[in-house]
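Please build the complex by placing chain F on the supplied structure of chain W, with the hints as guidance.
Chain order of the listed sequences is W and F. Under this note's numbering, the residues of the first sequence are numbered 1 to 239, in order. Under this note's numbering, the residues of the second sequence are numbered 240 to 504, in order.
Mixed in with the good hints there might be a few duds.
[Unchecked claim] With a Cα cut of at most 30 Å, we get these calculated DSBU-like pairs of lysine-lysine: (1) K260(F) / K198(W); (2) K166(W) / K360(F); (3) K355(F) / K186(W); (4) K266(F) / K184(W); (5) K260(F) / K186(W); (6) K360(F) / K428(F); (7) K409(F) / K480(F); (8) K166(W) / K266(F); (9) K260(F) / K137(W); (10) K184(W) / K61(W); (11) K355(F) / K485(F); (12) K170(W) / K158(W); (13) K290(F) / K355(F).
Hints listed in this document are in silico derivations from the structure and should not be mistaken for laboratory results.
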Amino acid sequence: MILVEDKDIVVPGEVLAEGEYYAGRGTFKDETKVCSALVGLVAIRDNKISVLPLQSKYIPKRGDVVIGKITEVRFSMWNVDINSPYSGILPASDVFGREKRDMNKAFDVGDILFMRVVDVDEVKKVKLGLKGRGLGKFRGGLLVEITPTKVPRLIGKKGSMINMIKDHTKCEVVVGQNGLVWVKGKPEMERVVENVIKTIEAEAHTSGLTDRVRDMLNQLLGNEEDKEEEEQYEEELIQ
Amino acid sequence: MQPIVPEITRESVTNLINEGKRADGRKLDQYREISLETGVIKKAEGSARVKIGNTQIMIGVKSQIGDPFPDTPNVGVFMTNSELLPMAAPNFEPGPPDERSVELSRVTDRGIREGKIIDLKKLALIPGKKVWMIFIDMHILDYDGNLLDAAALGAMAALMDAKIPTATVKDDEVVVDHENMQPLPLNEKTVMCTLAKIGNNLVLDPSLEEEGIMRARISIGVRSDGAICSMQKGGERPFEKEEILKAIDMAQEKTKELFEYLPKA
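If we strip away everything but chain W, and leave its shape as in the complex, we get (with noise of 0.2 Å):
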């Protein structure tokens, strides 16, 4: 017997459904009932009951990639905070290869990276490189905190939310799955993303939030729009 919808809104210790369920991710079983652990969105797959948590912290994953903030730098290797309970460290031999150069000059205390999850031991000691495409230090720009589990429906399906955002704005923005954002582009330009993402995470469990968010993204766009195509067209009438 189940006890709730799809997409319901629920709190721990709730009773999801008695008897022939298997529980999820989110879920716990007691006896025949499968009750939610956490507060977050129900999410029914044919007989197997999980809970989607609406706030979480990141749990590093080898091959993720993330934005993370240099904490301190050490003899080999740097401290970097990946908003999460671990820590991380980027090994100098990382940055370096075999010869070791002057530390500070490379990174130093508060600078914000890109950086790939290499590997997570038992202890959780997270282990990052920077071998890769787009990998390393950004600069300028500005930071956008978001929680993770809302960071598959900021990049939206293959992509659509984010690049829908980056056309409208021409603004560079990385996503990194621990939740951080770094967004680059005109001033005024990055505060738009920044208000953007910020409705995606207040809203990111309702339906139907793609098609808000365009109509936001013109709003606020819509006289930047209109100028710049003014501007064009005086241009054409001057040459």
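Leaving out everything else, chain F in the frame of chain W:
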């Protein structure tokens, strides 16, 4: 330990402030939303809960009869304490009060003491022997910058809310009548205004992010008659004379807004 602010956040926030804007859309001289409730703790003589943006402080006032300090035998005693609860911020730890907690309680105490807000003479019962002792306890529930202003506003509201039992002296003994409560004898009101220096600008009511990147801050306690009763400077960099004078002008202006939040008496 102060959290490390990313270099690019420092740049973007400073650039924005140089243009006269702020990350949360406020003006440079604008407070976040303030809310103030009094009488929130039944067991305390007076209490208040104050919110400035997401910063939240719970304040209680308790009274007790005790011995005066030997050097001030004819006036009452009052003490201010603050507790930075670990749930308020990731870098607040349990244990004995640290620098930030001591600064907060001392600055709040200073404003009330030097502003002669409480009429301490009326709190003396038997000169040299028994006086009222007033305790102000502040619990920081949530930390999002600018604790000083919130604490001063909340402490003032809690004092105005406080009602202490009537005490009379009979044959050299103090008799406390818990049935008849009376308000604390207050002379004046005070609130505090904090300005942070970011780039070369002064910004009012710094948020947590702004506190992380500010070069210096100055807090000015002002009484409702306009007199300055306390001042505290924080941060690593110095202020210029003109900046302090400008800060005082801004504080005089902005504290008028803060007095509006206090209960009318």
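Taking the hints in turn, this is what the structure says about them:
no. : hint              : result
1   : K260(F) / K198(W) : holds (19 Å)
2   : K166(W) / K360(F) : violated (68 Å)
3   : K355(F) / K186(W) : violated (52 Å)
4   : K266(F) / K184(W) : holds (23 Å)
5   : K260(F) / K186(W) : holds (15 Å)
6   : K360(F) / K428(F) : holds (17 Å)
7   : K409(F) / K480(F) : violated (56 Å)
8   : K166(W) / K266(F) : holds (28 Å)
9   : K260(F) / K137(W) : holds (27 Å)
10  : K184(W) / K61(W)  : holds (27 Å)
11  : K355(F) / K485(F) : holds (25 Å)
12  : K170(W) / K158(W) : holds (19 Å)
13  : K290(F) / K355(F) : holds (25 Å)
The structure fails hints 2, 3 and 7 (numbered hints given earlier, in ascending order).
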